[in-house]
Every structure is written in C-alpha cells, then in structure tokens.
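Participant: Each chain, letter by letter, is given below.
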Amino acid sequence: MSDVLSSYPLLLRGAWVTIQLTLYGSALALVMAFVFGLIATARSAWLRALGRIYVEFFRGTATLVLMYWFFYALPLVGARFAPMFAAVLALGLNVGAYGAEVVRGAVKAVPKAQYEATVALNMRPGQRLRRVLLPQAIALMLPPFGNLLIELMKGSAVVSLISIADLMLRAQQLRQSTGQTTAVFLVILVMYFVIAQVLQLFVRYLERRADIMLGRRPGRSARSPLDTRLGAAK
Amino acid sequence: MIWDWHFAGSILPDLLRGLVVTVEATLLGYAVALGLGLVWAILRRSPSRIVGQVVRWVVEFIRSTPLLVQLFFLFFALPATGLTLSALVTGVLGLGLHYSAYTSEVYRAGIADVPVGQWEAATALNLPRRRVWAGVVLPQAVRKVIPTLANYLIAMFKDSPLLLAITVPEMLHSAYAVGAKSLRFLEPMTIVGVLFVIVSVLSSFLLRRLEFRYGNN
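Heads up: the sequence lines are chains E and V, in that order.
Counting in my numbering, the first sequence runs from 3 upward without gaps.
Counting in my numbering, the second sequence runs from 1032 upward without gaps.
Don't read these hints as lab results, they were simulated from the structure.
Treat the hints with care, as some may be off.
Derived Cβ-Cβ restraints for the label pairs, each shown as a range [as the list claims (entries may be wrong)]:
1. V:Arg1160 - E:Gln116: 40 to 50 Å
2. E:Glu58 - V:Leu1043: 15 to 25 Å
3. E:Ala51 - V:Trp1088: 37 to 47 Å
4. V:Arg1048 - E:Gln22: 29 to 39 Å
5. E:Pro127 - V:Arg1174: 39 to 49 Å
6. V:Ile1033 - E:Asn124: 50 to 60 Å
7. V:Gly1040 - E:Ala29: 48 to 58 Å
8. V:Thr1154 - E:Gln199: 31 to 41 Å
9. V:Arg1244 - E:Glu58: 15 to 25 Å
10. E:Arg206 - V:Phe1038: 44 to 54 Å
Straight-line distance between alpha carbons at most 20 Å, and here's what the computed SDA-like set of lysine to any residue pairs gives [said to hold, decoys possible]:
11. V:Lys1212 - E:Pro77
12. E:Lys110 - E:Gln138
13. V:Lys1175 - V:Ala1111
14. V:Lys1212 - E:Arg126
15. E:Lys110 - E:Ala122
16. V:Lys1175 - V:Asp1144
17. V:Lys1212 - E:Ile164
18. E:Lys114 - E:Arg132
19. E:Lys110 - E:Val33
20. V:Lys1212 - E:Leu78
21. E:Lys114 - E:Tyr100
22. E:Lys110 - E:Arg130
23. V:Lys1212 - E:Tyr74
24. V:Lys1175 - V:Leu1241
25. E:Lys114 - E:Leu216
26. V:Lys1212 - E:Asp5
27. V:Lys1175 - V:Arg1076
28. E:Lys114 - E:Arg126
Covered by chain E, according to a simulated footprint, are these stretches of chain V (three or more residues, beta-carbon under 8 Å) [stated by the list, open to error]:
29. 1179–1192
30. 1209–1217
None of these values were measured; they are calculated from a predicted model.
For glycine and all other residues, C-beta sits at the position ideal for the given N, C-alpha and C.
Excised from the complex, chain V in its bound form (with noise of 0.2 Å):
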C-alpha cells in the first residue's frame, strides 16, 4: 500500500474540523486549569496548616494520577451522582483538572519567588487580605511564570488526544473513524501527526517570543 495523495487529500477537511474541536477544548481546559491553579496556589497558602496540607495532597494526587483514567472517572461517576455533562465539557473539566495540579505548582514558585519586603509593605500599609493578593503579590509573580504557564498549554494541547477514549470528536477521533470507514489509516494517521506537529512547533516559536518579552525583568 503506497501513500494516495487524492485520498489523503479528501479526508483533510474532516481532519480539520477535528482539529477544531481539538483546539477547542484545549483553550477551554487551559481556562480551568489557569483558574484552578491559582486557587490551589492560594489555598496552599492558607493561614491553617490543615487546608494547607489537604491541598497539597489532592494537587499531588491528581499530578501523580494518568490524565486518562481520570478522564473516565468523570466520564463514568459524575453520571452517577446524578450530574449529567456532555463529552466535551467532561473533557474539559478533566484536562483542566490534571492540569491545575501543574499550574499551581507554577503559580506556587512564582509567589515565592516575591520578595518578603512585598509581604511586610503590604502589611505595614494595613491592606485587606484580598488587596494584598490581588493588588501586590499576584501581578509580580503571575507575570514571572507567564512563559512556564504557556508551555503548559502546549502540553494541554498534545494530551488532547486522550478526549478521543470519552468520545469527543477531535482530530484523532476523526482519523480513526475515517481509517475505520476506508480501511486506510496510513494517510489519517500521519496527517494527524504531522498536523500535531505543526501546531507544537508554531506554538512553540510563539512562546520563546512570550519568554522574550516576559523572561528576562
């Protein structure tokens, strides 16, 4: 079996809008995780050295755990407790859960990594906790770790695949259901794969643009 460029040719716009829907769900999740990852930087920080430690635990738990079956738990148990979602917002949630236990770890060095100086001003100048966060300590440390949290995405992006197990349509799903249908899967699967590596390289320039810009103050 040789490589049929006509045939390869027919199955692209399919691909395509697989890659859309993986695209999609990537940004969706990497929403969740950005927000979630803050707060379980936060927490960590918590003046009660209990929810402190409960934090620590779930984040290295969910870090130590396959992104997969994690996605199935949610697939199959949150039906079962009578929360019913669909494929695509399961994934999400999933993608954006196994990923804030990473980004928190991100936000977590980046907040240590603000001077104690920041800490006691903002103490002496007698702000609310919420000020001190939102006001002094966060804009220093998430504009630090801004090029570490977008290789993240790029890593978000190449987990994406997994979606296809929990019946998402994204782009590996459509290759294999094409292969499935033509019995040819030399053509889909190696246009996914270039595809995949197309968009990890131009994102990957992308973001020594952004370590350009932010890396080095």
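Bound conformation, chain E alone (with noise of 0.2 Å):
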C-alpha cells in the first residue's frame, strides 16, 4: 500500500488528463445536445429528421466502438486523429446524442402557454427561446445533466485503451512496477469517487442557482432569519 500511496504524483498526473477530458467531452457534448436538442424541436420536419438521427446513432453505439473507429478506422481513409482529439470526438459526441433527448424534452415540458404568450407578445422566435423557454427548460436539464456529467468521466476511463495516460492508464502502469494490484485499484477507484462526488456538489450548486434565479428559492439575501436556522437544521 506504502509503494502505491509514494506514488501519488504519477496517478495525480493520470487524475488530470481524467479531468480535462471529462471538461472537453462535457464542453463538446453540451454543444452537440442543444444543436440536436433544439433542432428536434424545430417546426420543419427535414431538421427534425436530422436530430433524429444522430441521436439515434450516436446513441445506438458504444463510446468505445466510436472510439476505436476514430482511432484505428478513419486513419485509413486519411482522417488522422490524436488519441485525445478521437477520445474527447467519441466522448463528447456519445453523451451528447444522450444530453439532446434531454434538451429536447426539457424544452417541450416548459408549459404551453409560456410558449403562447411569447407569441402573443410578438417576441422573435431567438427572443423567446432566449427570455423565456430556455431559462426555465435549463432548471429541468440540470438534473439529468449531472447524471450524464459523471457517466461521462466514468466512461473516460475508456481512453486508457487507445493509450491515453489517463487515471486508469497510469494504475496499469503502477500495477506492473509494483504488482500490488488491489491496492492500487482500490486507490483509483477511490479518486474516482472523490472525482464524481465534486462533480456532483457543483451540478447540486447550478440547480440550487437555477431556482434562486427562476425564483422558485429564496436567494441567500432574500431569507428570512427562520429560513436560516431551518437551513442550519438540515
């Protein structure tokens, strides 16, 4: 166990590349899932067509599949990727299809009359999603938002085998220089752990923002004394 804990700078390295990855996938999938999300909900049939297909395909396969694809596959036909641009592509691309059904459904739950009085307010079509649809359709991705966060850096662990030095790559490196596998499985699945639980903390921070915005929970200012000692309590 000593030999592994020594060690913490090369797994704090692999924790980093961990990290950065889950940043740039989660950076590129929240483009893709608004693109595809709101696309699936446009009026005109060919681009709901259009969403509906990627989801449906980049849900339908595995990250890894799509990642050995970019990596061994596409090269062959003169589309050279670094092992990290392929993996964030795979990463980014997969939870995305996952994140546009969320956006997609998030907009269509916003009640219908928001969306009528937009109209009957003479809003531009960009205004009303801008001013009143998204604000209220983010509150309720948030959740399943957080969800996909952590699926994503779990599934981050995956680079390791197209040789991307990630946590899970440099356990493997540590498990052959010190052949005290349990301990140093043990040590990374616990970072990983520590890893999602921060996530989470941030996601439950954006949700609570959310509310205090939307004004459904009084912000920090706007407390009464007995709504703090009932915070406290809790």
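With the hints as a guide, bring the two chains together.
Facilitator: Structure below.
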C-alpha cells in the first residue's frame, strides 16, 4: 500500500488527464446537446429528422466502438486524429446524443401557455428561446445533465484502451511496476469516487442557482432568519 | 484505401461469433443486475439504519466509479483471494454488479410508488415480512418499472465492449483481432459499429412496445 501511496504524483497526473477529458468532453457534449436538441423541437420535418438520426446513431453505438473507429479505422481513409482528440470526440458525441434528448424533453416540458404568451407578445423566435423557454427549461435539464456528466467522467476510463495516459492507464503502469494490484485499483476507485462526488456538488450548486434565478427558492439575501435556522438544521 | 466488400463479407462470420458472446455476456450480466439490484433495494428498506446507510453508500460508490476499473479490479484482485474465474464469468459479474447499482435505484422508485395503504393493509392482515414483500409490494412495484429496467439492458449491451479489456472474446475484440491480422481496420470497425446500431435500434423498438404494454396503468 505504501508503495502505491508514495507514487501519488503519477496518479495525480493521471487524474488531471481524466479531469481534462471530462471538461473537454462535456463542453462538446453540451454544444451537441443544445444544437441537436433544439433542432429536434423545430417545425421543419427535415431538421427534426436530422436530429433523430444524430441521436439514434450516437446513442446506439458504444463509446468504445466509436473511439476505436475514430482511432483505428478513420486514419485509413485519411482522417488522422490525435488520440486525445479522438477520445474527446467520441465521448462528446456519444454523451451529446443523450443530452440532446434531455434538451428536447425539457423544452417540450415548459408549459405551453408560456410559449403562447411569447407569441402573443410578438417576440422573435430567438427572443422566445432566450428570454422565456430556455431559462425554464435549463432548470429541468440540470439534474439529468448532472447524471450525464458523471457518466462521461466514468466513460473516460476507456480512453486508456487507446493509450491515453489517464488515471486508469497510470494505474495499469503502477500495477506493473509495484505488483500491488488490489491496492492500486482500490486507490483509483476512491479517486474516481471523489471526482464524481465533487462533480455532483457542482451540479447541485448550479441547480440551486437556477432555482433562485427563477424565483422558486429564496436567495441568500431574501431569506428570513427563520429560514436560515431551518436550513442549518437540515 | 477504399471499402472492400469482399473482405467485409469474409470477416462477417468472425464478427457475428463475437456478437453471440456479446449478447451472452449482456443477458447473463442483466440477470445478475436484476437480482442483485433487488437485494440492494430491499436492504435499503431494512429497519436497521446502519444497514440502510451502508448499502446506500456502497451503491453510490459502485455507481460513480468506472465499469472498466471495476472489471480490472475483479479480474486481478479476485484471483489474489484464491477465487479464479474465467474472463467471461468475471465480465458477467462485473457488468451485473455495476448495473445492479442502477437497477436498485429503479426498484427503489417503484417500491416508493406503492401506496402506503398497501403496507398498512399487509400489517393489518398480520402477514409475515416475506409475504409482504413477495405477495404485496414487489408485484406492484416491479410491474411499474419494467420499461425503465429494460432501458438498462440496452445500456449494458453498449457497455459490453469493455469486456475486451479483460480478454473476453466479444465483438469488438474479434474486430480488433481481425484488423490486427490483416492490417485493415476500416471494415471490421465499421461493421461492428453498424451491428451495434442495428441491435440497439431494434431493441429500442421492442422497448417502446414494452412501455406501451406496462407504462400506462
């Protein structure tokens, strides 16, 4: 165990790569989710079909298969990616497909009267989305997005199979050099667990912010002393 | 390099053999996940607070760590304790254990949905605990969550390629082996991707039928 703990810089470097993959992957996933999720709520049947195809295709394949395809198959037809880029692309496109379904569902879940009101107020389509529909939809999206973020972080462990030096690959190296299999894997399991818990706290914070923004929960300044006491007791 | 249909046809049997292993591992793992998830869900309802909390954190831990790491852990750590299992069995156990964390949450939601009156009636009738679960609560709880549970079968199917990392000869593993031998990766990888999409899309159609049957009651 001490051998493993004393080589913590190696593991920390791996953890940093895992965190980077999570950040870049989730940024790409977020963009894809909004683009294709909003397309799926469009009026044009062509656009909706495009959204459907993206979602069905990328939700249907496994991340690892996608990653192998980018990494091993596409270079043979001339598209060569750096491993890191292939990994982020596979993670982001895959999770983005799930995210697009979340976005579509959330926008659809905003009460119809809200949409009708924006039309009655003569808002432009962009204004309707930005001012009325999205702020309410985002509050609905946050909890499932939180789950997807953790899925993405966990999914990033498979990049070790295309030789990216993330936490998982560092653990493999450490296992080979120290031979203490059980200890190494226990340590990195705990590290993954900690990263996941931190991500979860971050999403909870965003959820609270979104609720305050929509006036569904009193802000810090608006809270009466009684509320604060109740909050502390909880 | 362009697509070679002849080569694609010649490797198809190998890949389909891999697909059989993939499906096998998924179904067996699913059975483990369904059983173990139910155990977790019932234990969380245990009258003892300690048992409930311990199970809650164990499930949380399993759910927020990567399947790949868990598979490696089982693959390398179990033999160290003297328990030697084949790669496929380890893979099935790993998949099942990982997804039991998800199914337990599904069961939990289903159990929480059973009206309190049902519990009270069971108490009033003085039913033994076992019959309360097996005869009253679970039949109602499980029926409601069947579509959600089926969702995880598809999710597991898509996670099964990870088994290649612990040398289970599943589909992606066969594709890689074929590619490494012939130095042609385009056809095997693309076929595997397409097969995955086909199976997933087919199973989501089946899933919609399930939802239609059990969803609205």
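Participant: Please write out, lowest number first, the hints stated earlier that are contradicted by the structure.
Facilitator: Hint check: 7, 13, 14, 21, 26 fail, others pass.
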